[in-house]
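Protein chains: 2
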Amino acid sequence: MNDTKTPQNAAAPAAVPAAVPAVPAAVPLAEDPNAPLDLAAFKHAFRRHAAGVAVVTALRPDGTPVGFTATSLASLSSVPPLATFNIARSASTWPAIAESDRVVIHILGARNRGVAEVMSGPADKRFDGDHWQPGPHGLPVLKDVTSWMVGRIIERVLVHNSAVVVVKIESGGMGENDQALLYHERTYRVPGADVQPRRV
Amino acid sequence: MNDTKTPQNAAAPAAVPAAVPAVPAAVPLAEDPNAPLDLAAFKHAFRRHAAGVAVVTALRPDGTPVGFTATSLASLSSVPPLATFNIARSASTWPAIAESDRVVIHILGARNRGVAEVMSGPADKRFDGDHWQPGPHGLPVLKDVTSWMVGRIIERVLVHNSAVVVVKIESGGMGENDQALLYHERTYRVPGADVQPRRV
Chain A
-15 MNDTKTPQNA
-5 AAPAAVPAAV
5 PAVPAAVPLA
15 EDPNAPLDLA
25 AFKHAFRRHA
35 AGVAVVTALR
45 PDGTPVGFTA
55 TSLASLSSVP
65 PLATFNIARS
75 ASTWPAIAES
85 DRVVIHILGA
95 RNRGVAEVMS
105 GPADKRFDGD
115 HWQPGPHGLP
125 VLKDVTSWMV
135 GRIIERVLVH
145 NSAVVVVKIE
155 SGGMGENDQA
165 LLYHERTYRV
175 PGADVQPRRV
Chain U
-15 MNDTKTPQNA
-5 AAPAAVPAAV
5 PAVPAAVPLA
15 EDPNAPLDLA
25 AFKHAFRRHA
35 AGVAVVTALR
45 PDGTPVGFTA
55 TSLASLSSVP
65 PLATFNIARS
75 ASTWPAIAES
85 DRVVIHILGA
95 RNRGVAEVMS
105 GPADKRFDGD
115 HWQPGPHGLP
125 VLKDVTSWMV
135 GRIIERVLVH
145 NSAVVVVKIE
155 SGGMGENDQA
165 LLYHERTYRV
175 PGADVQPRRV
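Protein sequences, first through last, are from chains A and U. Here my numbering is used: the first residue of the first sequence is -15, the next is one more, and so on. Here my numbering is used: the first residue of the second sequence is -15, the next is one more, and so on.
It is worth saying that the hints were derived from the structure and are not from the lab. Fair warning: this is a prediction, and the values are worked out from it, not measured in the lab. Where hints are given, some of them may not hold.
One copy or two, it doesn't matter: identical chains are merged, so the pair holds either way.
[Claimed, not checked] With a Cα cut of at most 25 Å, we get these calculated SDA-like pairs of lysine to any residue:
hint, residue 1, residue 2
1, Lys152, Leu21
2, Lys127, Asn145
3, Lys127, Leu23
4, Lys127, Gly47
5, Lys127, Ala107
6, Lys152, Val63
7, Lys152, Leu142
8, Lys152, Arg86
9, Lys127, Val143
10, Lys152, Ile138
11, Lys127, Asp46
12, Lys127, Ala24
13, Lys127, Asp162
14, Lys152, Ala24
15, Lys109, Val63
16, Lys152, Pro64
17, Lys109, Asp85
18, Lys109, Ser84
19, Lys109, Thr171
20, Lys152, Ala177
21, Lys152, Gly105
22, Lys109, Ser155
23, Lys127, Pro181
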């Protein structure tokens, strides 16, 4: 899922049925008349990929808090501690990301589903309420998340109309533990059963 | 989790207990004597972040297949279809990624847990077996995954000893549907219950 397309506002799924009929495993594309191409391949694959849910916040130069729900958060390295997230340059949060030194990256738990929805809803309503407070550098910190990190933006890689943002983590805080919040098949979920080892 | 640190070979967790005692929500760091700093903040946050499991494969110039299990796969944009993944430049797959035009990105389902372990185990054993076959451009395609995409590498962003790789998806294929494979808290899981809406 692209972070432009916020969870509940995600684009309509590609014309691929939710339950795809069984096909021979890993049929090369040219041999499979139902196989998707290009955008269809992309949408099909990401519909089957689950993601953890994070929220990135920043400040506009005038001090207005901005932020968005992200399913693209990833670790880049641990020494130094670096993380990445992706954002569309059409997103309401992008101008602040483009100009800010720092962001806050929050890890959401199951109890934060409401916050995930607020932070992917109408941009002008995302900080209505008492679900946040000013934190380090005056940055907006969401309350009661399971973990949060303050980081300095060290790279903004512009690719077509999107950007990859690389953040060096400087500090953080933690909240009470909870089940992780996932986004998969257009639904918020928690992790379920362990998958037992099987033969390849 | 950094893709250098493959799931089962991940570095020892930071000195943060699995069940963190309740602390006031989102305590600013300076006020919380137990709050982690820098690397500790990073490790704490990513331990609480769940991720979908993918495998990236490529070919060395001599035709040897290489690949690794990745928890960093993310969508960057859908038009054009772009994806990102992160890799340590010390990883066995990096030299091929550095020189290749194309990669295959596979989305794993629960039935592919064994493949996830093989592809994050000893590098010289990852293609021992019949769990893969040559696909488009001669690239190694894993059999029986839920979805796979062939893409052209359009950016390699070197950051310290790691790299962010941007891939333009060109085509792909699909396998039988399955529950998504997750990696969370050093364990392979499937998505569980829906999280019902609550007030923020």
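The hints, checked one at a time:
no. : hint            : verdict
1   : Lys152 x Leu21  : between (36 Å within a copy, 12 Å between copies)
2   : Lys127 x Asn145 : neither (32 Å within a copy, 34 Å between copies)
3   : Lys127 x Leu23  : between (37 Å within a copy, 22 Å between copies)
4   : Lys127 x Gly47  : within (19 Å within a copy, 51 Å between copies)
5   : Lys127 x Ala107 : within (19 Å within a copy, 43 Å between copies)
6   : Lys152 x Val63  : within (10 Å within a copy, 28 Å between copies)
7   : Lys152 x Leu142 : both (18 Å within a copy, 14 Å between copies)
8   : Lys152 x Arg86  : within (9 Å within a copy, 29 Å between copies)
9   : Lys127 x Val143 : neither (33 Å within a copy, 31 Å between copies)
10  : Lys152 x Ile138 : both (7 Å within a copy, 24 Å between copies)
11  : Lys127 x Asp46  : within (22 Å within a copy, 53 Å between copies)
12  : Lys127 x Ala24  : between (38 Å within a copy, 20 Å between copies)
13  : Lys127 x Asp162 : within (14 Å within a copy, 35 Å between copies)
14  : Lys152 x Ala24  : between (34 Å within a copy, 13 Å between copies)
15  : Lys109 x Val63  : neither (37 Å within a copy, 27 Å between copies)
16  : Lys152 x Pro64  : within (7 Å within a copy, 28 Å between copies)
17  : Lys109 x Asp85  : within (24 Å within a copy, 44 Å between copies)
18  : Lys109 x Ser84  : within (21 Å within a copy, 45 Å between copies)
19  : Lys109 x Thr171 : within (22 Å within a copy, 37 Å between copies)
20  : Lys152 x Ala177 : neither (33 Å within a copy, 33 Å between copies)
21  : Lys152 x Gly105 : neither (27 Å within a copy, 28 Å between copies)
22  : Lys109 x Ser155 : neither (28 Å within a copy, 39 Å between copies)
23  : Lys127 x Pro181 : between (38 Å within a copy, 17 Å between copies)
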